[in-house]
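Novice: So you can see what is in the structure, the chains are spelled out below.
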Amino acid sequence: MKTIKEKHSLAMRWCHWVNFPILTIMIWSGMLIYWGNDTYTFSLFGHTFFRFFPDWFYSALKIPAHLAEGMAFHFLFMWFFTLNGVLYVLYTIISGEWRELVPKRNSFKEAWLVLLHDLHIRKMAPPQKKYNAAQRIAYTAIIIMGIGSVVTGLAIYKPVQFYYLTWLCGGYHFARIIHFILTLGYVFFFVIHIVQVILAGWKNFSSVISGFEVVNEPAKPAIQHTNDEQAS
Amino acid sequence: MSKQAKKPKKELTIEQKINRRNFISFASFTVLAGGAYGGWRWLYKSPEEVAGGITGGTRKPLRKALNKTELFFRRVFSDNHLVKTYPKELAVKGARVNSDIGLEAKKKFDPATWKLQVVKKGGEVLQVSLQEIMALPKTEIVYDFKCVEGWDEIQHWAGVKFIDFIKHFKLDEYIKMEYLGMETPDKAYYVGLDMPSAIHPQTLLAYEMSGKPLQLQHGAPLRLIIPVKYGIKNLKRIGTITFSNTRPRDYWAEEGYDYYSGL
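Those protein sequences? They're chains R and B, same order as listed. All residue numbers for the first sequence refer to the numbering used here, where the first residue is 1 and numbers rise by one. All residue numbers for the second sequence refer to the numbering used here, where the first residue is 1 and numbers rise by one.
Because the hints were derived from the structure by calculation, they are not lab data. Be aware that one or more of the hints could be misleading.
[Claimed, not checked] Label pairs and their in silico Cβ distance ranges:
id	chain 1	residue 1	chain 2	residue 2	range
1	B	32	R	6	15 to 23 Å
2	R	10	B	249	45 to 53 Å
3	R	185	B	76	45 to 53 Å
4	B	17	R	117	29 to 37 Å
5	B	96	R	168	23 to 31 Å
6	B	60	R	2	15 to 23 Å
7	R	181	B	113	20 to 28 Å
8	B	17	R	42	39 to 47 Å
9	R	2	B	32	45 to 53 Å
10	R	168	B	37	36 to 44 Å
11	B	37	R	62	46 to 54 Å
12	R	200	B	37	37 to 45 Å
13	R	181	B	140	32 to 40 Å
14	R	62	B	186	31 to 39 Å
[Claimed, not checked] Just a sample of chain R residues kept apart from chain B, beta carbon distances all over 12 Å, derived:
id	residue
15	1
16	13
17	22
18	68
19	104
20	113
21	129
22	166
23	188
Quick reminder that beta carbons are idealized off the backbone N, C-alpha and C, glycines included.
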């Protein structure tokens, strides 16, 4: 028999789907700003493997010479990004849903088994509740990354008024580097997330919009139900 | 049993419940997504500010947001929040020259005959020579100069604190006004500053860089060093200073940048 199994709360779905376009706008406007002083490279042992960003990338996304525009968008949508994040964290704490989300003591060990399973190296995945160990780690990390982006962002944005944040982030340069790396992290997260969502299939995806999943459970004998009522 | 009899409608089957919830959630999702996309198109296509205003070059709603954000961050501004300073050894020898707008006057600029013009009430102009300014107590600062483009550089400047200048020339009543404007002698570059930032204890009228007299490309004979702002506000070669209760014109605010541009 089919039954409705509640999966994602309305608050979680709201914050997830609001965050998606906002983060996209933040990353895009952030690139418009970064272009103004694009000094980061990926280098090892003196050899530069990659420059952030190559010219073809800039021109494909029409990034050059939009610094003022980037700042104007970035400093508007930062409010929504922060507000949405604060709402989500507060909700998760107050509702108790953090219990499903925060890694447990064995999560780090288990996440390895999940990875082996997902890569088809191991047949069995460890038993899980709402999220498996790897998801717990990833979804908690992404929240910490979000907090990191807000803190490092403020440290670059107002390094005099929030000098203690700049100090906390290891100075102006280091704060800017962390801010940049966190953004690369979001893009990396996004790629893995999309692959996993596609592999998990429609039922899983649809639950992030509808909030529930349909599960097939063996029908319970109706008589038992009646007995319970009489007993109480 | 009697309860059930009162209910005119049959209880929904599980299949109906699923369909119903799916319909509601997917329809809401589509409507909200459409609304969000429409909102984005509206913002992205929204008209730019009218040319000729104090600010320009950006979309009207974004300018409104910048101004609102300025009001928020002005609340945390404090004279006690000082820019971090460094030992002199860490400063660069020659600071980066990023712009010469306002320094490219057609007729040759002569620093020897230059005088700072402070426009007072009723159009009266206070003229101050470099010698008079250099006679005031000298303040040095070694700090991380930050450009709106994203680069920064530890630089060494010296001059008179702007607030010392104000006190010495008895201009106290003028700093009760909300804004201060500065322009180059050729009027090609100009900035507007909120008064709290202008009278911040680290704001200097500088005449020395790296321990030597200021060079022309760095703004000789006198330039503004205002560490609580991005470089775009650090006007070189000050010609005139004005005071007002409305925003004075600002070169980069006309080009789409935040008027406040505070750090």
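Novice: If a hint holds in the structure, say so; if it does not, say that too.
Specialist: Verification of the hints:
no.	hint	result
1	B:32 x R:6: 15 to 23 Å	holds (21 Å)
2	R:10 x B:249: 45 to 53 Å	holds (50 Å)
3	R:185 x B:76: 45 to 53 Å	violated (28 Å)
4	B:17 x R:117: 29 to 37 Å	holds (33 Å)
5	B:96 x R:168: 23 to 31 Å	holds (28 Å)
6	B:60 x R:2: 15 to 23 Å	violated (52 Å)
7	R:181 x B:113: 20 to 28 Å	violated (53 Å)
8	B:17 x R:42: 39 to 47 Å	violated (52 Å)
9	R:2 x B:32: 45 to 53 Å	violated (28 Å)
10	R:168 x B:37: 36 to 44 Å	holds (38 Å)
11	B:37 x R:62: 46 to 54 Å	violated (19 Å)
12	R:200 x B:37: 37 to 45 Å	violated (26 Å)
13	R:181 x B:140: 32 to 40 Å	holds (36 Å)
14	R:62 x B:186: 31 to 39 Å	holds (35 Å)
15	1	violated (7 Å)
16	13	violated (8 Å)
17	22	violated (10 Å)
18	68	violated (4 Å)
19	104	holds (30 Å)
20	113	holds (33 Å)
21	129	holds (22 Å)
22	166	violated (8 Å)
23	188	holds (23 Å)
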